[in-house]
Amino acid sequence: MKKLGLASVMLALMRREFAVALRQKGEVLTPLVFFVVVASLFPLGVGPESALLLRMAPGVLWVSALLAAMLSLQRLFATDYTDGSLEQMALSSTPLGLLVVAKALSHFLLSGLPLVMMAPVLGLQFGLDGRALGILMLTLLLGTPTLSLIGSIGAALTLGVRGAGVLLSLLILPLYIPVLIFGAGAVEADAAGLGFGGHLSLLAALFVLSVFFAPLATTTALRISLE
Amino acid sequence: MAGANGVGKTSLLRMVCGLAPVEAGQIFWNDQPIQAQRDAYRQDLCYLGHLNALQESMTVNENLVFTAALGGVAPEPGQIDSVLTHFGVRGRGAQLVRHLSQGQKRRVALSRLALSQARLWVLDEPFVAMDEAGVRMLADLIAAHLAKGGLTVLTSHQVVPIGNIAPQMLELRA
Amino acid sequence: MNTQVIHWFKFASPQNFYNLAGRMWPWFATLATLLTAVGLWISFFVAPTDAQQGEGYRIIFVHVPTSQMSMFIYIVMAAWAGFGLAFNTRLSGMMASALAPTGALFAFLSLVTGALWGKPMWGAWWVWDARLTSELILLFLYLGFLALQASIDDPRRADKACAVLALVGVVNVPIIYFSVKWWNTLHQGASVSLTRSPTMASTMLWGMLIMVVACWMYAITIALLRVRNIILERERHTEWVKHALE
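Protein chains in written order, with this note's numbering: chain A, 1424 to 1650; chain B, 84 to 257; chain C, 174 to 419.
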């Protein structure tokens, strides 16, 4: 039998995630629909006045994206935990941290990326112009991988626990706040003439930090859940 | 390993695998405690618990390819087919696991042993719900593994002869 | 073998710590009561009336100590949690669990006193300044810890999971504070702030210092009492607990 390198094993896991997602399309589409619904609730709540909506738009879209990304986090490890695959992954000769990164990356591609694609459409509803839409997409593109990585910590901690869904939200949302602040703030900063470069670099910094530290926390949490 | 239900056989097996924490004492592999050689130990280990570790939405082939990948290897073309035939689930490679019967799922789960290059097999009640032919097939597989210099730790309610090797018995009592 | 080492780790056993805590807490309770009395006396009677804020500012003598303690307790909690994860000691996790409710209480008190201060001073019950907002997020972190603990049945697993959460939280707290400050300055510029002006009469400083230490003593007292309860509950199947409860 042929020996596989670490990258190939990670790719195999990602291929697996995609195969499952494609066969259970509903699970991938539901958070996306949730994103649209939640974002549309805000105008209904505050009124259709265009100036107000324009000011609210980056924050509203970011919060809705955040909540939608969180919805799909429960699926990250839950199925594998119940059918025993997670145990096998923990016993694999491939470091669990790399498998976690592969999982988080798949989660980003399957749930974060569609949100990035959908955001401009919703942004138009709020009256954002082309430049603002572009910046918004860029911040979401940089921010959603971080959300997947930080979210994996919460998903790992709440495996098999009562009320896992809501508990996951409570644990993760405070940790999402920096990403939210820098992501949503970029558009507004740009509109105020301050430029969005600072915000983007901070988002990038958060991403780098989470790539290094989140897998460590997630693997520890996974092994605790598997005990 | 033998013992009544609930006495702790599964817990002990999971400790041997390094999944469950140990309150007292240590587990050694190659004269070294397993905590000191985690990656090397996992390379040498193949665990089959009560759960089949099969993703229901994927085909048998896809599952086994992934299982092999977790062990760091890719099967040769045709190898999976021959393994499935050996385990009595021939021709089911392209079927979704969801559509298999419980017995067939268990056999697919067991076939991971044939694709593994691990020296230590840890099996939790592998003979449960297997028919006579299956039991003999598995016993022969384990015997072949032992003949190649491998080691097997298993729990069972029934005493199953493995080739003509006398097993080391451990009985757990509450 | 080094007898000093043995002596130290002797108290890692719940039973020994139970007895030690039993002897220690009355001292801390006395200190807490005394210091609180002195601190409150200073804050109400000795510290001068503030030139700009009149009498209402006196709530700062509760607000500042409680907010400082809420942060400090979180760090101590995370330290115990980390210790427990690294050395696999049961007692460390129990200490972290004992501290959490007190920390949450201090965070809550800090927010309430902040609001009580804000209303007469700035006319609003709540001000989204950096410190109050960070304090609110800290309260969320505490509540998350308590919620996770409550949802996991197995105490050992609960302790370990909460330990991971506490460590992740403690790493994030500076990041969260920085991002909230950024958010605040971006949106409000020079607006109302609940941070004290740099010039403070020395009596005010003394009053605050005494209150901080008083809160600290209180926290230790309550933590010791709570950890004794936790020990009894978790070790209830052991012989010594059965004797102790008779």
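In case anyone wonders, no lab produced these hints; they're calculated from the structure.
The structure displayed is predicted, hence computed values, not measured ones.
Honestly, I wouldn't trust all of these hints.
[Said to hold, decoys possible] Pairs of lysine-lysine, DSSO-like flavour, derived with a Cα cap of 27 Å:
id	chain 1	residue 1	chain 2	residue 2
1	C	Lys292	C	Lys354
2	B	Lys188	A	Lys1448
3	B	Lys188	A	Lys1425
4	A	Lys1448	B	Lys231
5	C	Lys415	C	Lys183
6	A	Lys1426	B	Lys231
[Unchecked claim] Ranges between beta-carbon positions, derived for each pair:
id	chain 1	residue 1	chain 2	residue 2	range
7	C	Phe260	B	Leu255	22 to 32 Å
8	B	Glu215	A	Leu1536	46 to 56 Å
9	A	Leu1452	B	Gly86	25 to 35 Å
10	A	Leu1536	B	Ala249	37 to 47 Å
[Stated by the list, open to error] Taking beta-carbon pairs under 10 Å as the criterion, some of the chain B residues facing chain A (in silico):
id	residue
11	Leu95
12	Ala136
13	Thr235
We put the beta carbon where it would ideally sit given N, CA and C, even for glycine.
Hint by hint, here is what the structure shows:
{"no.": "1", "hint": "C:Lys292 x C:Lys354", "verdict": "holds, 22 Å"}
{"no.": "2", "hint": "B:Lys188 x A:Lys1448", "verdict": "holds, 24 Å"}
{"no.": "3", "hint": "B:Lys188 x A:Lys1425", "verdict": "holds, 26 Å"}
{"no.": "4", "hint": "A:Lys1448 x B:Lys231", "verdict": "violated, 45 Å"}
{"no.": "5", "hint": "C:Lys415 x C:Lys183", "verdict": "holds, 21 Å"}
{"no.": "6", "hint": "A:Lys1426 x B:Lys231", "verdict": "holds, 20 Å"}
{"no.": "7", "hint": "C:Phe260 x B:Leu255: 22 to 32 Å", "verdict": "holds, 29 Å"}
{"no.": "8", "hint": "B:Glu215 x A:Leu1536: 46 to 56 Å", "verdict": "holds, 52 Å"}
{"no.": "9", "hint": "A:Leu1452 x B:Gly86: 25 to 35 Å", "verdict": "violated, 49 Å"}
{"no.": "10", "hint": "A:Leu1536 x B:Ala249: 37 to 47 Å", "verdict": "violated, 59 Å"}
{"no.": "11", "hint": "Leu95", "verdict": "violated, 14 Å"}
{"no.": "12", "hint": "Ala136", "verdict": "holds, 4 Å"}
{"no.": "13", "hint": "Thr235", "verdict": "violated, 16 Å"}
Violated hints, listed in ascending order, are 4, 9, 10, 11 and 13; each of the other numbered hints is respected by the structure.
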